[in-house]
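Residues per chain, in single letters:
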Amino acid sequence: MNQISLNPRLRTDITFPKWNGLKSYAVGSALFSSTIIMLILGTLLIQSHPALFANDLNLLSEVWDPAGGQYGIIPMIFGTLIIMSIAMIIALPLGVLSAIYIAETRSDRLKHILKSSLEVLAGIPSIVYGLIGVAYLSIWVAEGFELQTGRVILTAGLLLALMILPTIMTLSEDAISSVPRAYRENAASLGLYHYEIIKDIVLPAAKADIAGAALLALGRALGETMAVMLVIGSLDRLPSPLFNVLASSQTITSKLGREIAESAFGSTHFSVLVLMSLILVAFTLILTIAAQKLFTKDPHNA
Amino acid sequence: MLSRTVKNTLFASALRIALFISLAILIFLIGAILLEGFKALSPSFIVSEARDFGAAGGIRYQLLGSLILIIVAAVLVVPFALGTALYRSEYVTSEKLGRCIDLTIFSLNGIPSITYGLFGLIVFVNILGMGVSWLIGSILLAIMILPTVTVSTHQAMRAIPNIYRESALALGLTRAEMVRKVILPQSLHGLVTGLLIGLARAIGETAPIMFVATAFSGVTWPQSIYEPVSTLPTHILALAQQATNPDALRNAWGASLSLIIIVMILSGLAFIARRKLEPQRSM
Amino acid sequence: MPKPELKLVGVETQTSAVSLKGFQAWFGETCVVQDMTLELPANGVTCIVGPSGSGKSTLLRGLNRINEDISGYAMKGQVLIQDSCAKDGFKDITELRAKVGMVFQRPCVFPCSIKDNVLFGVKNKRLSKLERAALVEESLKSAALWKEVAHRLDSPASTLSLGQQQRLCIARTLAVKPDILLLDEPTASVDPTSARALETLIKNLKDDYTIIMVTHDIRQTRRIADNVLFLCDGQVIEMGSTDHMFSKTAKPKTKTYLSEEFCDC
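Chains as they are written, first to last, in numbering that gives the first Met the number 0: chain A, 0 to 301; chain B, 0 to 282; chain C, 0 to 264.
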């Protein structure tokens, strides 16, 4: 350890060569950290280039048949969208309503227990959710609807709903709890019912943060691979009829998880997979940045 | 039109029902993991090798593989996270540049984990020709948790009151000395907490490492950096795919519970680190 | 043992707006208001005074049961609002709160327009457009704010000054047509000029409403109160007309406190 001299006249004589590099170290790491994202996006762009500029791949068709030169990605995009919609339709109202209950309850113990179990749940790795999907959900769906296989759109949607529920609940609860108590008291002393206090003042004041929570959850659902891959059934076809949620399907992520290892590096097949990944990244980045914007906005001046 | 009282009652019951469903889900998830997990978990399960593609035996090398991956990832991420946070907090002068760095780091956080796997496969395995190697897994996990660690460290640095910096400089310390004597010790808790939270997330990841760093079975302790390892998440994946075999399924639950226990330990340590290491400031 | 009922000293036959019988309030293990039995007269201004922590606000907030949303709060005894029990004498708690309006220390306008703020309490009632407009005008006039805001009813309420915001809060409460107004240090967070305007307003309102007000300001009490209730450590020390309380016949403790000397009670 160097002794620090407090005498200003001596100061100029002493140099610390090993700390001269501190700034360059900081600049270097910052530069490196900020360029990783460019590196990832650049790699994906270069590798998806062949697929983007080939004319005869029929990317926007509904047929996926690499052997026949057909690379339609519509089934995967449709699968991703429908599963996300199912998950959000279930998890958003359930999560927000439960969050209202938790935020408004007078029992500190209930609040504490719920909040800590939600944190535990939010930390469970997605592969474990996948296992729950395989061992329970898909079997229940198969038995409940008398299907041959329970690995269908509905199962994947339900499983995703379970996965994003803790996120939506904790973040919405934070948002609702942070609405100033004065709003509630003022509204209550005007003779409003609890329902009206929530609807007329609490939710409007918390809506930006709740929307942020929803977007964040949506981003997670979109990028989720392992759990979905195990219960989606991996069928590269549009369901028929289109909104038959009891059909097997495929999402972008499950497609990538199943086929990256099988396709040869540099082949058209590989390039199309990279292109799908690029689409996925674009969607999640938009969602993440939008969520970030909503969170930083002051909700009480809305 | 419903009357106000009826609406209020309906709403109250909607809240109760929602909470009831959420509670049921919570209890189901936690209960399933604990009950099924404890059926398989035992000391011998942890220390013995996997046999019959995981359906028999334990998780010895999977556990070790997971630990190597996150320990090396931790070693790799710390210098970059610390440097980036330091730059962001002590050297950035323009607000615009600062926000630019924030944006690139937040974006990294939003990238789906499977994309990291694809990126690693293209760059390390194919372009750099490293083959399937556990080191690639550590690198990818390090990149993945870089935002978490950086943001946590930066927040701790930002929380240091400016008067500390000014007093240090007024005492005649150079900027570098000020950073070393004041900023680093005072922000250590942010680095440690962020790192532990990041590792808790990293150890459960499957998608980024499954093409580039792991093999499903027959792997023991790696002899060099060019060999794959087996990890708990990939092991669970392999077992879940043979879920019709009750033995495989039982071991999958055992491995899941072990994994979750490690995640809980890391999160618990993060919680303790935040409380114990955070400097008490009177201001 | 219930204490003997406190009667107003120096005030003859008035109907009581609020009466308490053995009222106690608790936060967790701490008893904040101890066994209070008293009657507050209808109409006029009753000021509740006393040192910090004497239970003034808790008493006031017990009258419209707004404290019950705070965890750890519990109450015992009976609160009668115009001879109906606050606990079960009303159809539900919202009816009680509509009868007993409350304005808080910090003006709290909702993030919407001035007009919507005034109509906030009747938002969910079925009223025609004309009725709403009339209610806005009437309430704002009663709160002495109409002249200042009549031309910009649709601008955000947050653009008003703090003093105006406080009068808007009063207007909002008046729009629900209460009989009793609870004011919790209404002038404490506004500037002296606005505070004076609020005092004038309170004096004008007292013919139509029973006003019960917590204040720290002894001189303000003297200016506007008809009756004074002096609390200390959660107990009633004395209650009486303003003339009595500020006269020589008051109890020694009361005299000390109201003469703004150091009070060790």
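Honestly, the hints are just simulated from the structure, not real lab data.
Check before you lean on any hint, since a few could be wrong.
[Unchecked claim] The list that follows gives simulated cross-link-like pairs (lysine-lysine, BS3-like), each with its CA atoms no further than 30 Å apart:
#1 B/Lys6 <-> C/Lys86
#2 B/Lys275 <-> A/Lys110
#3 B/Lys180 <-> B/Lys95
#4 C/Lys114 <-> B/Lys6
#5 A/Lys198 <-> C/Lys124
#6 C/Lys122 <-> A/Lys198
#7 C/Lys90 <-> A/Lys198
#8 A/Lys22 <-> B/Lys180
#9 C/Lys75 <-> C/Lys247
#10 A/Lys292 <-> A/Lys198
#11 C/Lys86 <-> A/Lys198
[Stated by the list, open to error] Quick list of the computed label-pair ranges, beta carbon to beta carbon:
#12 C/Asp232 <-> B/Leu22: 19 to 27 Å
#13 A/Ile138 <-> B/Val46: 31 to 39 Å
#14 C/Gly21 <-> A/Ser84: 28 to 36 Å
#15 A/Thr34 <-> B/Ser93: 28 to 36 Å
#16 C/Glu137 <-> B/Phe27: 55 to 63 Å
#17 A/Asp173 <-> B/Pro245: 35 to 43 Å
#18 C/Gly52 <-> A/Arg108: 47 to 55 Å
#19 B/Leu96 <-> A/Lys198: 22 to 30 Å
#20 C/Gly27 <-> A/Thr34: 52 to 60 Å
#21 A/Arg108 <-> B/Val46: 35 to 43 Å
#22 B/Gln154 <-> C/Gly21: 50 to 58 Å
#23 B/Gly128 <-> A/Ile112: 49 to 57 Å
#24 A/Ser177 <-> B/Ala55: 47 to 55 Å
Yeah, the Cβ is synthetic: ideal placement off N, Cα and C, and Gly gets one too.
Outcome of the hint check:
A C-alpha spacing of about 22 Å is found between lysine 6 of chain B and lysine 86 of chain C, which places the hinted pair at or below 30 Å, so the restraint holds. Taking the CA atoms of lysine 275 of chain B and lysine 110 of chain A, the gap is near 25 Å; set against the 30 Å cutoff, the hint holds. Proximity of lysine 180 of chain B to lysine 95 of chain B is assessed by CA-CA distance (about 28 Å); at most 30 Å being required, the pair is judged to hold. The straight-line distance between the Cα atoms of lysine 114 of chain C and lysine 6 of chain B is roughly 25 Å, inside the 30 Å bound, and the hint therefore holds.
Proposed proximity of lysine 198 of chain A and lysine 124 of chain C is supported: the alpha carbons are some 14 Å apart, at most 30 Å. The straight-line distance between the Cα atoms of lysine 122 of chain C and lysine 198 of chain A is roughly 11 Å, inside the 30 Å bound, and the hint therefore holds. With a C-alpha separation of about 22 Å, the suggested pairing of lysine 90 of chain C with lysine 198 of chain A holds against the 30 Å cut-off. The suggested pairing of lysine 22 of chain A with lysine 180 of chain B holds, with an alpha-carbon distance near 15 Å, which does not exceed 30 Å.
For the hint linking lysine 75 of chain C to lysine 247 of chain C, the alpha-carbon distance of about 35 Å lies beyond 30 Å, and the restraint is violated. Of the pairs offered as hints, the one joining lysine 292 of chain A and lysine 198 of chain A holds, with about 24 Å between alpha carbons and a cut-off of 30 Å not exceeded. Between lysine 86 of chain C and lysine 198 of chain A, the direct Cα distance comes to roughly 25 Å. Compliance with the 30 Å bound is thereby established for this hinted pair. In this structure, aspartate 232 of chain C and leucine 22 of chain B break the distance hint of 19 to 27 Å, their C-beta atoms being roughly 43 Å apart.
One distance hint, 31 to 39 Å for the beta-carbon pair isoleucine 138 of chain A and valine 46 of chain B, holds here, with the actual separation near 32 Å. Taken as a hint, the range 28 to 36 Å is violated for the pair glycine 21 of chain C and serine 84 of chain A, whose Cβ atoms sit roughly 59 Å apart. Remark: the range hint 28 to 36 Å for threonine 34 of chain A to serine 93 of chain B is contradicted by a beta-carbon distance near 19 Å. Range check, glutamate 137 of chain C to phenylalanine 27 of chain B: about 56 Å between beta-carbon atoms, so the 55 to 63 Å window is met.
Between aspartate 173 of chain A and proline 245 of chain B the CB atoms are about 42 Å apart, so this pair conforms to the stated range of 35 to 43 Å. Judged by the Cβ atoms, the range 47 to 55 Å given for glycine 52 of chain C and arginine 108 of chain A is violated: they are separated by roughly 27 Å. Roughly 43 Å separates the CB atoms of leucine 96 of chain B and lysine 198 of chain A, a value that falls outside the hinted 22 to 30 Å. Checked against the hint of 52 to 60 Å, the pair glycine 27 of chain C and threonine 34 of chain A passes, with Cβ atoms roughly 56 Å apart.
The supplied range of 35 to 43 Å is met by arginine 108 of chain A and valine 46 of chain B, whose beta-carbon atoms lie about 39 Å from each other. Look at glutamine 154 of chain B against glycine 21 of chain C: about 52 Å separates their beta carbons, and that is inside 50 to 58 Å. Separated by about 53 Å at the C-beta atoms, glycine 128 of chain B and isoleucine 112 of chain A satisfy the suggested range of 49 to 57 Å. The beta-carbon spacing between serine 177 of chain A and alanine 55 of chain B, approximately 52 Å, falls within the hinted interval of 47 to 55 Å.
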